[in-house]
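Assemble the whole structure, with the sequences as input and the hints as a guide.
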Amino acid sequence: MSKITTELLLERAVPRSTRLRKIETLNLSKLQLKTGDLDPRLFSRLRHLQKLDLSDNLLDKFPNSLTLPDLRVLNCNNNKLEDVTALKQFPLLEELTYENNVYLTLNDDYKVIFLLQNLRLLNGKDITKLANHVRRVNSRKLTSKVTAHWEKFFRDQLPEKYTPEQVKSIKKKFLKSVQTNVVYGPSSLSEFTRWRVKMIAEEFLAHSLGLELNSDSEPEEKTDENEEESTESPREAAEDVAQVVHIYDPLVTVTPSKRKRNHSKSSPGNKRSKTQANSEEEAAEDVSAEPLHFLQCHSKGNSREDFKTQLWSCVFEPVLDSGARKDPIVSSSRTVATCGGESVCLIDCETGTVLKKYKVATEEFFSVAWTTLTMVISDSRKKAHNILAAAGRRGIVKLIHVAADFCYGEIKAHKKPIATVCFSPTQETHLFTASYDKRIALWDIGIPDCDYNFKASQLLVLETASIPLRIALVPTCPEQYLLAGCENGCFAWNIKLDKGQKSRPFEAIFQFPDEESVTTSHRVDGLAFLNDDVVVSKSSKPGCIYLWSWSRSFDAKGKGCQRTMSAVILAELEWSTTDMSYLTLSTCPAREYVFCGDEKGSVWMYNLSSHTTAWGSAKGKRSERRISPTQILKWPELRVNGEQPPEILVNNVVTDPAFTYLVVLTSVNITAIWKKS
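In this text, residue positions in the sequence shown follow UniProt numbering: the first is 1, and each later residue adds one.
Misleading hints may appear alongside valid ones.
As the list claims (entries may be wrong) - Straight line, CA to CA, 20 angstroms or less: simulated EDC-like cross-link-like pairs of lysine to aspartate or glutamate: (1) Lys600 x Glu290; (2) Lys88 x Asp60; (3) Lys34 x Asp53; (4) Lys176 x Glu203; (5) Lys499 x Glu463; (6) Lys382 x Glu428; (7) Lys88 x Asp70; (8) Lys499 x Asp555; (9) Lys438 x Glu463; (10) Lys51 x Glu95; (11) Lys172 x Glu160; (12) Lys51 x Glu94; (13) Lys382 x Asp451; (14) Lys496 x Glu479; (15) Lys676 x Glu350; (16) Lys621 x Glu592; (17) Lys34 x Asp60; (18) Lys125 x Glu99; (19) Lys621 x Glu574; (20) Lys308 x Glu364; (21) Lys383 x Asp449; (22) Lys383 x Asp451; (23) Lys168 x Glu151; (24) Lys145 x Glu203; (25) Lys80 x Asp60; (26) Lys416 x Glu364; (27) Lys34 x Asp451; (28) Lys621 x Asp532; (29) Lys145 x Glu350; (30) Lys383 x Asp83; (31) Lys634 x Glu647; (32) Lys675 x Glu592; (33) Lys621 x Asp555; (34) Lys80 x Asp37.
Unchecked claim - Label pairs and their computed distance ranges (CB to CB): (35) Gln427 x Arg120: 44 to 54 angstroms; (36) Arg16 x Gln427: 51 to 61 angstroms; (37) Thr564 x Val376: 41 to 51 angstroms; (38) Arg304 x Glu151: 44 to 54 angstroms; (39) Asn27 x Pro646: 51 to 61 angstroms; (40) Ile569 x Ser380: 50 to 60 angstroms.
Derived by calculation from the structure, the hints in this document are not laboratory data. All values derive from a computational prediction rather than experimental measurement. Note that CB positions come from ideal geometry on N, CA and C, so glycine has one too.
Shown next, in the form of structure tokens:
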């Protein structure tokens with residue numbers, strides 16, 4: 001039996017009423033109401049209802065026929081809403097709030113703004129300007145793109161005289177194609193864009209072909225806060241960011257400030273070879289990437305004068321729903337998570353917009369990593385959600401449901417700082433944390449339920465001889481072997497979980513060429529796989545980046561632990577002669593590129609596609625000459641008040657899988673975003 005009766009409605013009216021049709025204000029909050037309790041037959045009698053409060057209930061959606069023709073104000077805070085499209089049945093709605101519905105996202109904000117033409121206030125904020133953009137500018141742009149897509153790819157497919165079957169086939173292909181290929185606005189709004197594109201395409205077909213089409217819609221997720229932590233919405237984040245600098249001219253305005261760093265000396269003379277000088281000259285003439293944005297969004301206390309905060313890690317967000325686009329290259333995200341100082345930011349690389357910002361006042365974040373968890377949302381239905389793990393100086397891993405703006409939990413992983421984290425590519429809940437306590441731990445972070453309850457457990461501890469700085473799972477066997485670059489060498493562990501021991505020493509340490517002989521003792525502060533077999537590692541030895549073969553270096557048949565193995569070197573890359581540490585490298589396997597920043601703000605790029613085939617053969621020999629960079633992206637001349645910032649170290653540089661965007665993290669609190677031409 002429904003919880004809502006005529007008597008309850010009359011009693012909950014403000015003021016109390018004797019007839020349903022006289023009620024103008026109704027408070028149905030805190031009644032544990034579910035969607036099935038909203039009886040359309042009963043609600044249809046509330047003909048003059050103008051204000052309705054349904055906050056603090058258990059609603060996951062609205063019935064489609066509540067028939068409240070005069071409703072002006074609606075409060076749905078603190079429910080479990082998953083979709084907002086049914087709100088279009090209230091066309092006179094002027095004020096709407098639905099905060100703390102964790103499954104609603106920014107996409108849903110845009111949907112209601114479009115559907116409710118009279119809406120003025122959304123979650124307490126005036127949306128007049130935004131509404132004009134969503135209802136007019138956005139619609140005009142998308143309509144133009146949809147029409148152009150039809151004209152270019154589909155118009156000629158439809159014969160002058162067509163059968164119903166032909167029309168049906170063309171419609172199906174067009175709707176699928178247009179939703180996949182028409183892109184507009186930031187990636188954080190891709191779900192709204194697909195929804196609008198489908199709607200516009202259906203209207204276009206109905207008009208062009210003279211047939212009606214039914215339109216469906218979909219939802220996603222949203223919001224919450226934590227005590228010492230804070231999560232900011234896109235608008236708040238944009239206002240909160242101390243200074244966001246966009247570069248379109250050679251001279252850009254940024255405020256300089258001195259910074260300190262333990263290792264800031266260069267090797268004596270710091271002279272470059274002829275080859276190096278030549279490649280720099282060529283790069284200056286043939287730069288294939290252009291600077292889009294220079295952002296200062298990790299400032300401590302949001303200070304515009306903060307040029308001391310170091311930025312350490314950035315990772316591109318996985319694409320959740322790429323429809324027909326299964327290829328990770330095609331469906332590559334343009335949203336990147338960056339960390340440094342007390343904050344983690346999500347940035348749209350195309351627009352330079354800080355979409356979200358997450359802060360912990362007492363933390364200094366060193367590393368971030370993404371995973372996609374399949375969570376049960378309601379009615380036992382499952383849905384994929386991207387989860388961001390962030391860790392740093394406090395040894396604690398924060399787990400953030402980004403779409404919901406909610407840090408739902410933490411794992412007290414280590415008693416000392418965490419240098420880096422990474423998720424297993426095959427086990428979505430398996431997270432590796434590498435710490436200054438000289439241990440690498442494997443955690444099962446679990447899958448949170450609809451109330452964000454979760455249980456994390458430690459599966460494995462890998463003992464290291466020195467502090468681990470970078471970790472990488474071997475692509476051909478990510479559940480069996482892990483590599484780590486440490487303060488005192490490069491090590492490998494067997495991480496297979498069917499082995500009995502929970503705490504394990506390293507299985508191998510790798511030897512590398514030294515000036516006169518070979519050595520195992522050197523700092524490895526850069527480590528990544530270029531493909532299934534080629535490892536790229538960077539040593540603290542000046543200008544030393546090696547490429548070596550995992551399969552030819554590691555003897556899996558040997559017995560015993562802590563064996564010394566010689567790294568089979570394939571090539572050495574020519575890089576800066578600095579002995580500066582912790583300027584890490586990255587790879588783009590799909591494009592066969594290696595990237596590494598230097599102590600002068602430049603990014604060294606190596607296209608190795610012409611070498612990998614030869615390296616892949618069993619008899620592949622080491623390249624005798626060091627490989628010069630394909631290009632060097634020079635740091636532009638940034639000025640503030642006529643002054644240049646102090647020395648700019650590139651701590652990290654990362655591309656998306658398709659190598660469309662290049663994100664550069666610096667030692668002076670500047671995130672630089674380049675776009676490949």
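We went through each hint and held it up to the structure:
1. Lys600 x Glu290: It holds: about 18 angstroms lies between the C-alpha atoms, which stays within 20 angstroms.
2. Lys88 x Asp60: holds, 16 angstroms
3. Lys34 x Asp53: Distance of about 14 angstroms is within 20 angstroms: holds.
4. Lys176 x Glu203: Between Lys176 and Glu203 the Cα gap is close to 15 angstroms, so the pair holds against 20 angstroms.
5. Lys499 x Glu463: holds, 16 angstroms
6. Lys382 x Glu428: holds, 15 angstroms
7. Lys88 x Asp70: holds, 13 angstroms
8. Lys499 x Asp555: holds, 19 angstroms
9. Lys438 x Glu463: OK: Lys438 and Glu463 at ~6 angstroms, within 20 angstroms.
10. Lys51 x Glu95: Since the Cα atoms of Lys51 and Glu95 sit roughly 9 angstroms apart, the hinted pair holds (cutoff 20 angstroms).
11. Lys172 x Glu160: With a Cα-Cα distance of about 19 angstroms, the restraint between Lys172 and Glu160 holds, given a limit of 20 angstroms.
12. Lys51 x Glu94: holds, 10 angstroms
13. Lys382 x Asp451: Answer holds: Lys382 to Asp451 is near 14 angstroms, not above 20 angstroms.
14. Lys496 x Glu479: holds, 6 angstroms
15. Lys676 x Glu350: This hinted pair holds, its Cα atoms lying about 11 angstroms apart.
16. Lys621 x Glu592: holds, 19 angstroms
17. Lys34 x Asp60: Satisfied, since the Cα-Cα distance of roughly 7 angstroms is no more than 20 angstroms.
18. Lys125 x Glu99: Roughly 12 angstroms separates the two Cα atoms, so the pair holds.
19. Lys621 x Glu574: holds, 18 angstroms
20. Lys308 x Glu364: The given pair, whose Cα atoms are some 13 angstroms apart, holds under the 20 angstroms limit.
21. Lys383 x Asp449: It holds: about 11 angstroms lies between the C-alpha atoms, which stays within 20 angstroms.
22. Lys383 x Asp451: holds, 15 angstroms
23. Lys168 x Glu151: holds, 18 angstroms
24. Lys145 x Glu203: holds, 14 angstroms
25. Lys80 x Asp60: holds, 5 angstroms
26. Lys416 x Glu364: Roughly 12 angstroms separates the two Cα atoms, so the pair holds.
27. Lys34 x Asp451: holds, 16 angstroms
28. Lys621 x Asp532: holds, 18 angstroms
29. Lys145 x Glu350: Given that 20 angstroms is the threshold and the Cα spacing comes to 18 angstroms, the pair holds.
30. Lys383 x Asp83: The hint holds at about 14 angstroms.
31. Lys634 x Glu647: Satisfied, since the Cα-Cα distance of roughly 13 angstroms is no more than 20 angstroms.
32. Lys675 x Glu592: Satisfied, since the Cα-Cα distance of roughly 17 angstroms is no more than 20 angstroms.
33. Lys621 x Asp555: Roughly 19 angstroms separates the two Cα atoms, so the pair holds.
34. Lys80 x Asp37: holds, 14 angstroms
35. Gln427 x Arg120: 44 to 54 angstroms: About 48 angstroms separates the Cβ atoms of Gln427 and Arg120, which means 44 to 54 angstroms holds.
36. Arg16 x Gln427: 51 to 61 angstroms: Holds: the Cβ-Cβ distance is about 58 angstroms, inside 51 to 61 angstroms.
37. Thr564 x Val376: 41 to 51 angstroms: holds, 48 angstroms
38. Arg304 x Glu151: 44 to 54 angstroms: holds, 48 angstroms
39. Asn27 x Pro646: 51 to 61 angstroms: This hint holds: roughly 59 angstroms between Cβ atoms.
40. Ile569 x Ser380: 50 to 60 angstroms: holds, 54 angstroms
The structure fails none of the hints (numbered hints given earlier).
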